[in-house]
Amino acid sequence: MIRFATQLIVVFLIVYFLGGLFSFWISMLFVGFTALLILENNVAAFFATGLGFGIAWLSKALVITVSTASQLPQQMADLMGISNENLLFVGTFLVGFLLGGFSGLTGTSLKGVFQYKKEGYYRV
Amino acid sequence: MFDSPYILFILSMRYLGFLVSIIITASLGVILSISIKTVPPLGILLDPHHGFWQHAYSEDELAKKEINLKNLKGEVNVVYDEYLVPHIFAENDEDLYRVQGYVTAQHRLWQMEFQTMAASGRITEIVGDIALDLDRMARRKGLPYAAEAAMQYLGKNEPETMRLVEAYADGVNQYIDQLSLARLPLEYKILNYRPEPWSAYKSMLLLKYMADMLVGDRDLEFTNLRNILGMTVLGKFYPDFPRDNDPIIESTKNWDFTPVSVEKPATIKYPNETVGFQNLVQPEEGTGSNNWAVHGSKTASGAPILANDPHLSMNLPSIWYSLQLSTPTHTVKGASLPGALGIISGFNEHIAWGVTNATRDTRDWYKITFKDDNRTEYLYNDRYIQSTFRVETFKIKGKVDFIDTIVYTHHGPIVFDRSFRGDRDDMNYALRWTAHMESNEQRTFLELNKAKNHADYIAALNHYTSPAQNFVFASKSGDIAMKVQGRFPLKWKDQGKFLMDGNDPAYEWQGFIPFEHNPATLNPERGFVSSANQHPVDPSYPYYVFDATYEHYRNRRLNSRLEELENITIEDMQALQFDNFHLHAAEALPVMLNLLGFDESLNSDSIEAKYFTQLADWNYFTHPNQSEPTLFQVWWDKLYELIWDKWKMEGKPILLPNKYQTTLLLAEEPESEFFDKTETSQKEQARDLVKESFEALVAFMKTWEEENADYTWATYKNTTVQHLVPNFKSFSRANVYTGGGAGILNATGSRHGASWRMVVEMGDQIKAFGIYPGGQSGNPGSRFYDHFLKTWANGEYVNFDLRSRDQQSGVLFTTKFKN
Numbered sequence: 547m548i549r550f551a552t553q554l555i556v557v558f559l560i561v562y563f564l565g566g567l568f569s570f571w572i573s574m575l576f577v578g579f580t581a582l583l584i585l586e587n588n589v590a591a592f593f594a595t596g597l598g599f600g601i602a603w604l605s606k607a608l609v610i611t612v613s614t615a616s617q618l619p620q621q622m623a624d625l626m627g628i629s630n631e632n633l634l635f636v637g638t639f640l641v642g643f644l645l646g647g648f649s650g651l652t653g654t655s656l657k658g659v660f661q662y663k664k665e666g667y668y669r670v
Numbered sequence: 054m055f056d057s058p059y060i061l062f063i064l065s066m067r068y069l070g071f072l073v074s075i076i077i078t079a080s081l082g083v084i085l086s087i088s089i090k091t092v093p094p095l096g097i098l099l100d101p102h103h104g105f106w107q108h109a110y111s112e113d114e115l116a117k118k119e120i121n122l123k124n125l126k127g128e129v130n131v132v133y134d135e136y137l138v139p140h141i142f143a144e145n146d147e148d149l150y151r152v153q154g155y156v157t158a159q160h161r162l163w164q165m166e167f168q169t170m171a172a173s174g175r176i177t178e179i180v181g182d183i184a185l186d187l188d189r190m191a192r193r194k195g196l197p198y199a200a201e202a203a204m205q206y207l208g209k210n211e212p213e214t215m216r217l218v219e220a221y222a223d224g225v226n227q228y229i230d231q232l233s234l235a236r237l238p239l240e241y242k243i244l245n246y247r248p249e250p251w252s253a254y255k256s257m258l259l260l261k262y263m264a265d266m267l268v269g270d271r272d273l274e275f276t277n278l279r280n281i282l283g284m285t286v287l288g289k290f291y292p293d294f295p296r297d298n299d300p301i302i303e304s305t306k307n308w309d310f311t312p313v314s315v316e317k318p319a320t321i322k323y324p325n326e327t328v329g330f331q332n333l334v335q336p337e338e339g340t341g342s343n344n345w346a347v348h349g350s351k352t353a354s355g356a357p358i359l360a361n362d363p364h365l366s367m368n369l370p371s372i373w374y375s376l377q378l379s380t381p382t383h384t385v386k387g388a389s390l391p392g393a394l395g396i397i398s399g400f401n402e403h404i405a406w407g408v409t410n411a412t413r414d415t416r417d418w419y420k421i422t423f424k425d426d427n428r429t430e431y432l433y434n435d436r437y438i439q440s441t442f443r444v445e446t447f448k449i450k451g452k453v454d455f456i457d458t459i460v461y462t463h464h465g466p467i468v469f470d471r472s473f474r475g476d477r478d479d480m481n482y483a484l485r486w487t488a489h490m491e492s493n494e495q496r497t498f499l500e501l502n503k504a505k506n507h508a509d510y511i512a513a514l515n516h517y518t519s520p521a522q523n524f525v526f527a528s529k530s531g532d533i534a535m536k537v538q539g540r541f542p543l544k545w546k547d548q549g550k551f552l553m554d555g556n557d558p559a560y561e562w563q564g565f566i567p568f569e570h571n572p573a574t575l576n577p578e579r580g581f582v583s584s585a586n587q588h589p590v591d592p593s594y595p596y597y598v599f600d601a602t603y604e605h606y607r608n609r610r611l612n613s614r615l616e617e618l619e620n621i622t623i624e625d626m627q628a629l630q631f632d633n634f635h636l637h638a639a640e641a642l643p644v645m646l647n648l649l650g651f652d653e654s655l656n657s658d659s660i661e662a663k664y665f666t667q668l669a670d671w672n673y674f675t676h677p678n679q680s681e682p683t684l685f686q687v688w689w690d691k692l693y694e695l696i697w698d699k700w701k702m703e704g705k706p707i708l709l710p711n712k713y714q715t716t717l718l719l720a721e722e723p724e725s726e727f728f729d730k731t732e733t734s735q736k737e738q739a740r741d742l743v744k745e746s747f748e749a750l751v752a753f754m755k756t757w758e759e760e761n762a763d764y765t766w767a768t769y770k771n772t773t774v775q776h777l778v779p780n781f782k783s784f785s786r787a788n789v790y791t792g793g794g795a796g797i798l799n800a801t802g803s804r805h806g807a808s809w810r811m812v813v814e815m816g817d818q819i820k821a822f823g824i825y826p827g828g829q830s831g832n833p834g835s836r837f838y839d840h841f842l843k844t845w846a847n848g849e850y851v852n853f854d855l856r857s858r859d860q861q862s863g864v865l866f867t868t869k870f871k872n
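Residue numbers (my numbering), protein chains in the order written: chain U, 547 to 670; chain V, 54 to 872.
It is possible that part of the hints are untrue.
As the list claims (entries may be wrong) - Calculated pairs, EDC-like style, for lysine to aspartate or glutamate (alpha carbon to alpha carbon, straight line, at most 20 Å): (1) V:K663 - V:E759; (2) V:K712 - V:D741; (3) V:K691 - V:E726; (4) V:K90 - U:D624; (5) V:K663 - V:E758; (6) V:K691 - V:E617; (7) V:K782 - U:E586; (8) V:K118 - U:E631; (9) V:K701 - V:E737.
Hints were generated in silico from the structure; no laboratory data involved. As the structure is a prediction and not an experimental result, all values here were calculated from the model.
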């Protein structure tokens, strides 16, 4: 549980504070790398990194919207044929969740491959 | 142990798991980074660090105190006032325009580029083959060709202009080079493309884009009309001068020059053609402008006052961008066109000027006869001469390139032929247009920006050719002036009104009217100068002047008000720009009501009586809360259709008589044969059509009232300021609550209107006010995107006084540019 929380917080901090410095592709690489270091369970990694990434994106979108009081989210929702602008926040979270979740899953999957090789080496 | 089947299975499953996971992750990343059909790349768009959320920030929240700009010779300070109007203080012209380019791109990059993409026929690269017809038209009418000619002229003859235009381009490009994904304008992200480098050529393209927007011709429609109606009827409904001609240059003007003679051919023989396709897109009704200047003898302060309101398509981002440009030698302020240098309509410390469209037929059509299908030679003066080919490649998003070969003659490009709108193999129409010729309009504005007196103003105009404009002028020294400036072909009477024979040299333009013979006036006795797109002169002017779309109402209302007014103040001039009096209705409605012969006492509770009474009691103003303008407009439109729709023929474009001639016909010849409906055995007169159209009005209003809350003018008119991409509806602003309409001084219709209003008093201390329907920012999420709109709709203004370097008040933020 501690590892899960640690993973989530680390991903959140990376994506929220460093996400502006590079494209979301690079964020995905970082997230995958942290999952490789922190978690071993694929399911836990998927949800921890997904939630960390998604919450970071959602928080950033909320902070921008509240601080600017801009009408842009409503205009974008109308443009995209969405009746409720809140769905844009949901969409932002979901896209972030999927990007983060699969990045984390890939990281732990890679770790799994190497871990097995290591076990085999000691048993010989 | 490795060769155990169980372990091998586990190992392969882990590899497989990793493989599946990385494939899904990579695929997700790719899918979210690309646009699929019309869906933009969602990963980029929704990324709060780089996507649309970033555009919620307004410019003041992103302000930088210092920006490094290469190639600057000195330091440049930019002071933004509370309306985000930049005031650029530079030490020399090159730095000034370099920073103008940078600052304009900061706020309007997407708009600048999109407009030049449209002018160069490249919209297919952004939106796909849906724009192919539009793009082909832009290239076939020679807009890129015209911009290339302007570039060649600048390169050979105008090194100073070229140097400054290149400095501007450098400023734009340095902004593009520094642009992060987060700051990339939102439209690029939605449409999924990136900005190209800017260039001097693109500035030329922008000026050609304006020429295209403002110039029309109806030669092909008149060709069909001549075939259908004959010259006598044509002369009746489309006279060269209207009865109530109230021209730009006062009728008392004495033309103190010897005109250049024009040889008219002994016999005129036009090609026997019926045109079976749509002509070029014409300027929309309502495209026009007002400008005027009143002499100090008519003003309360004793100083001249100048006013200008160009009526253009009302778009977002706004067509205009306001700014002040200052060097140690000059300071100028007003409205600029993003992509062009300097101020287009504005004032400096010595003079003020403004522009309206000087409508004139400067586009003509020639029928070309080629030797054979190869079209390499065409007949001219009964001999075959060489044509040239220009191969145009259209890159189409998601499709293979499209190639269009355009044949050029000495007249100009073949716009319509067998591969474009033509219905016959032998149909080849070449376009001759003054905008294709070498010119340097940019220099006019650079020199006007620095002009100090009337002589400087005239010298600046001598570089201006297209689109022709009426330049109004007022100076601190007390002069007022007007000049109709453009490169006008010398023509014999009726030349260029119809499709002409490209073989016969007699149909060539005879040269050009010398600039010093263009209509102009300085300090006329009546104490004011004015223009509203009407006829430039009265029939005493010694050259042939023709256009099909001259204004007949705004000019008369404007001149009558300027005649009446004395002790004029800035507020009076602002009120006149916002004048909602409907002169056409004032002249037409009494005639229509009389012909209707309605006796409201017969059934005073009927809906017919209600509408009749409303109209009879109307004061002819078109304020947004009034409903009478709606009733009149619907009734007029129905009546107009009943009178003239019988002339329309499928696929054969014509021009219907204007509302001025129609009103005259109603008033003076109500029994005319032109009111007869050919499909009935009865012989109808005006009163029959007036009654039928009134019934149609009642039926229309019944439906309207069922579907809408009210029928006030603002609701019916639905003034909309539309985003340049019409599909981006939420970036547009609809149902703007404001009055006016086409043919009214406040010419705010549904989609066209006063795109910029400026009033300047040229006293010891210059007082200036300006406003436009939009905002300084091109970013739909910024609070400066439409911050002027409500003020504009209410007929109010913001202060536009010149700002000094050391002025501290009303500063939003400042930015220092240094090398």
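Comparing the hints with the structure gives:
{"no.": "1", "hint": "V:K663 - V:E759", "verdict": "holds (17 Å)"}
{"no.": "2", "hint": "V:K712 - V:D741", "verdict": "holds (19 Å)"}
{"no.": "3", "hint": "V:K691 - V:E726", "verdict": "holds (19 Å)"}
{"no.": "4", "hint": "V:K90 - U:D624", "verdict": "holds (19 Å)"}
{"no.": "5", "hint": "V:K663 - V:E758", "verdict": "holds (14 Å)"}
{"no.": "6", "hint": "V:K691 - V:E617", "verdict": "violated (35 Å)"}
{"no.": "7", "hint": "V:K782 - U:E586", "verdict": "violated (49 Å)"}
{"no.": "8", "hint": "V:K118 - U:E631", "verdict": "violated (34 Å)"}
{"no.": "9", "hint": "V:K701 - V:E737", "verdict": "holds (19 Å)"}
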